Amino acid sequence: MATRLLCCLSLCLLGGEPTEARVSQTPRHTVTMMGQTVTLRCEPISGHVALFWYKQTSVQGLKLLIHFNNQATVDDSGMPKGCFLAKMPDRSFSTLEIQRTEPGDSVVYLCASSVDTMLQSHPLPVQKPSGFPFSLQPQLSLTVFRGFSAISTRT
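Positions -21 to -1, 1 to 134 (mature numbering (1 follows the signal peptide of the UniProt record, and there is no 0)) are the ones given, in order, by the sequence shown.
Just so you know, not all the hints are guaranteed correct.
Here are the in silico distance ranges between beta carbons for each label pair [to be verified]:
id: 1; residue 1: GLN50; residue 2: PRO82; range: 29 to 35 Å
id: 2; residue 1: ASN49; residue 2: VAL10; range: 31 to 37 Å
id: 3; residue 1: SER25; residue 2: PRO59; range: 28 to 34 Å
id: 4; residue 1: GLU76; residue 2: GLN35; range: 15 to 21 Å
id: 5; residue 1: GLY14; residue 2: SER56; range: 24 to 30 Å
id: 6; residue 1: VAL94; residue 2: THR52; range: 14 to 20 Å
id: 7; residue 1: GLN78; residue 2: SER25; range: 25 to 31 Å
id: 8; residue 1: VAL10; residue 2: LEU41; range: 21 to 27 Å
id: 9; residue 1: GLY83; residue 2: ALA(-1); range: 30 to 36 Å
Don't read these hints as lab results, they were simulated from the structure.
From a predicted model like this one, the values you see are computed outputs, not experimental measurements.
All C-beta atoms, glycine included, are put in the ideal place defined by N, C-alpha and C.
All chains should be modelled from the sequences, with the hints used to inform the complete structure.
Here's what the structure looks like:
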């Protein structure tokens, strides 16, 4: 009985709380004047080769901006031309640059990563079902006001 209790106590102490790998997005908060450039950074889960940038509005819902696989652009059809620029210079991070911020940029920006992707001819909006091996981290929102725009963390 004492051995069983000691074993159980050891497992509880050693087990602790499970750690969960997460996509990381920064900055957590930024304020800028309208017309300025804002750069968002995403660090995918280690080992994930696919990275996605989305924007979410209350009207359109979730919309894919760009999809990278092994650092190569797979689909950038959702990227607004001339004012958004996304890069993935190595597997450890990607940046989304919003140039000349304006009120229409007031949406939630999301970054997601995946171990791999399946090719499909028509990308579908993605919402993370329970247990799906796809990490979507809704962390940053951009709000643009008349004199300035602010990026803040959504918790």
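For each hint, the structure was consulted:
no., hint, result
1, GLN50 to PRO82: 29 to 35 Å, "holds, 33 Å"
2, ASN49 to VAL10: 31 to 37 Å, "holds, 35 Å"
3, SER25 to PRO59: 28 to 34 Å, "holds, 30 Å"
4, GLU76 to GLN35: 15 to 21 Å, "holds, 19 Å"
5, GLY14 to SER56: 24 to 30 Å, "holds, 26 Å"
6, VAL94 to THR52: 14 to 20 Å, "holds, 19 Å"
7, GLN78 to SER25: 25 to 31 Å, "holds, 30 Å"
8, VAL10 to LEU41: 21 to 27 Å, "holds, 26 Å"
9, GLY83 to ALA(-1): 30 to 36 Å, "holds, 33 Å"
Comparing the model with each earlier hint shows no violations; every hint is respected.
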